[in-house]
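Taken in order, these protein sequences are the chains called A and B. Throughout the first sequence, residue numbering follows my numbering, covering 17 to 220 in sequence. Throughout the second sequence, residue numbering follows my numbering, covering 17 to 220 in sequence.
Worth flagging that the hints you see were computed from the coordinates, not collected in a lab. Be aware that one or more of the hints could be misleading.
Identical chains share a label here; the pair holds if one copy fits it or two copies do between them.
List of simulated lysine-lysine pairs, DSS-like, C-alpha gap at most 30 Å [to be verified]:
(1) K57 <-> K38
(2) K155 <-> K136
(3) K61 <-> K210
(4) K18 <-> K155
(5) K152 <-> K141
Listed below, chain by chain, are the residues.
There are 2 protein chains.
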Amino acid sequence: MKLYDYPGAPNPRRVKIFAAEKDIELELINCDIAKGEHKTKDFLKKNPSGKIPVLELDDGRCISESVAICRYLEEIHPEPNLFGVDAFELAYVESRNRQIELELWTQIGTSWVNGPIVGKLGRFKQIPEAKETSDKNTKNFYERLNNEFSTIQFVAGARYTIADITLLSAIDFATAMVALKPDSTLRHLFRWHKEVSERPSAKV
Amino acid sequence: MKLYDYPGAPNPRRVKIFAAEKDIELELINCDIAKGEHKTKDFLKKNPSGKIPVLELDDGRCISESVAICRYLEEIHPEPNLFGVDAFELAYVESRNRQIELELWTQIGTSWVNGPIVGKLGRFKQIPEAKETSDKNTKNFYERLNNEFSTIQFVAGARYTIADITLLSAIDFATAMVALKPDSTLRHLFRWHKEVSERPSAKV
Numbered sequence: 017m018k019l020y021d022y023p024g025a026p027n028p029r030r031v032k033i034f035a036a037e038k039d040i041e042l043e044l045i046n047c048d049i050a051k052g053e054h055k056t057k058d059f060l061k062k063n064p065s066g067k068i069p070v071l072e073l074d075d076g077r078c079i080s081e082s083v084a085i086c087r088y089l090e091e092i093h094p095e096p097n098l099f100g101v102d103a104f105e106l107a108y109v110e111s112r113n114r115q116i117e118l119e120l121w122t123q124i125g126t127s128w129v130n131g132p133i134v135g136k137l138g139r140f141k142q143i144p145e146a147k148e149t150s151d152k153n154t155k156n157f158y159e160r161l162n163n164e165f166s167t168i169q170f171v172a173g174a175r176y177t178i179a180d181i182t183l184l185s186a187i188d189f190a191t192a193m194v195a196l197k198p199d200s201t202l203r204h205l206f207r208w209h210k211e212v213s214e215r216p217s218a219k220v
Numbered sequence: 017m018k019l020y021d022y023p024g025a026p027n028p029r030r031v032k033i034f035a036a037e038k039d040i041e042l043e044l045i046n047c048d049i050a051k052g053e054h055k056t057k058d059f060l061k062k063n064p065s066g067k068i069p070v071l072e073l074d075d076g077r078c079i080s081e082s083v084a085i086c087r088y089l090e091e092i093h094p095e096p097n098l099f100g101v102d103a104f105e106l107a108y109v110e111s112r113n114r115q116i117e118l119e120l121w122t123q124i125g126t127s128w129v130n131g132p133i134v135g136k137l138g139r140f141k142q143i144p145e146a147k148e149t150s151d152k153n154t155k156n157f158y159e160r161l162n163n164e165f166s167t168i169q170f171v172a173g174a175r176y177t178i179a180d181i182t183l184l185s186a187i188d189f190a191t192a193m194v195a196l197k198p199d200s201t202l203r204h205l206f207r208w209h210k211e212v213s214e215r216p217s218a219k220v
């Protein structure tokens with residue numbers, strides 16, 4: 017299986033961490049998004065949304081969207097389980113994963129798109145007011161997470177799941193690329209971050 | 017099972033359509049979001065994100081996030097299948113559902129939050145420039161869908177799935193509440209809309 021990837025891009029990283037946790041080997045294909053290779057006619061046949069990651073199966077069929085790719089990998093390689101084992105856990109892990117995506121990732125994304133690095137590319141109209149709001153929402157969500165981590169070990173409770181991978185890649189990207197590192201006083205959040213960063217899978 | 021609901025709110029509607037497709041009866045509890053009942057201390061115990069819908073099980077455990085609730089219902093009530101039956105279909109349906117959520121729903125949401133109805137409430141800072149961009153993105157996505165529906169019957173291909181429910185609730189909300197009705201020239205999109213709207217489940 018081939019994974020269309022770009023070094024440093026946070027969404028392909030989610031899939032790479034997920035695969036590493038399951039010891040699944042993926043052939044990484046560099047899709048140079050800086051050169052617009054994700055918007056070519058050929059690539060749009062693989063993913064009409066023009067985004068990476070894309071997983072290409074040996075028979076040529078393609079799957080886009082990080083979480084959908086991870087779900088495919090979970091189905092063909094069920095252990096260790098990262099999505100939940102019974103109806104309630106499956107739903108609960110998904111709800112936590114979605115909270116991180118819809119309430120944190122979207123905000124980091126807005127700050128990124130309206131920030132200086134993307135600004136220099138000149139491809140999108142910058143809206144500074146939108147960035148002010150998303151910066152604030154990101155910080156508020158960090159505080160919420162910090163409170164939650166005072167009583168739970170991982171995002172979805174007692175064990176490591178896909179929701180931890182989503183949060184780790186969000187925070188690492190926000191820290192490295194968007195100047196939205198969590199405040200150092202958020203010690204429960206940092207305790208969690210240290211623990212999940214020490215897993216071998218986090219090195220990808 | 018109780019579903020915390022608010023008439024006209026699009027996300028609870030997704031769960032209600034999904035449940036109707038499976039003939040699952042839910043006890044609807046009105047959570048008056050106009051009065052802020054989704055932000056009370058008691059409600060935040062059910063869902064720390066302060067959003068509806070929430071599904072409350074008979075043992076008191078709660079699940080938030082529409083798609084997570086639907087996945088729970090799929091697990092306890094597998095037929096008719098709405099998420100996919102094998103590894104590839106499960107992943108493909110999820111990728112299509114996510115495209116609708118992340119590339120259309122987010123844009124309709126931005127136009128809603130920065131539009132006149134929410135503006136009158138005075139709860140959020142309005143950013144007119146953000147609305148201009150999201151209006152445009154919504155229209156572009158409608159055109160993409162129209163092209164896709166010229167060759168596929170449903171969002172994820174040959175059969176009705178959760179991705180159709182997500183799109184139907186998005187378009188109906190955009191039409192009724194955000195003045196973003198698809199242009200009448202998009203006949204393939206309207207063909208799809210007519211078909212899914214005629215299913216009894218769409219009446220909720």
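So, going through the hints one by one against the coordinates:
For a Cα distance limit of 30 Å, the shortest separation of K57 from K38 qualifies neither inside one copy, at 33 Å, nor across copies, at 39 Å. For the homomeric pair K155 and K136, the shortest alpha-carbon distances inside one copy (25 Å) and between copies (27 Å) are both at most 30 Å. In this assembly of identical chains, K61 and K210 lie within 30 Å of each other by CA distance solely across copies; the values are 28 Å between and 40 Å within a copy. In the homo-oligomer, the alpha carbons of K18 and K155 never lie at most 30 Å apart, since the shortest distance is 36 Å inside one protomer and 33 Å across protomers.
Taking the shortest Cα distances, K152 and K141 sit within 30 Å of each other both inside one copy (20 Å) and across copies (12 Å).
In summary, the numbered hints that this structure violates are 1 and 4.
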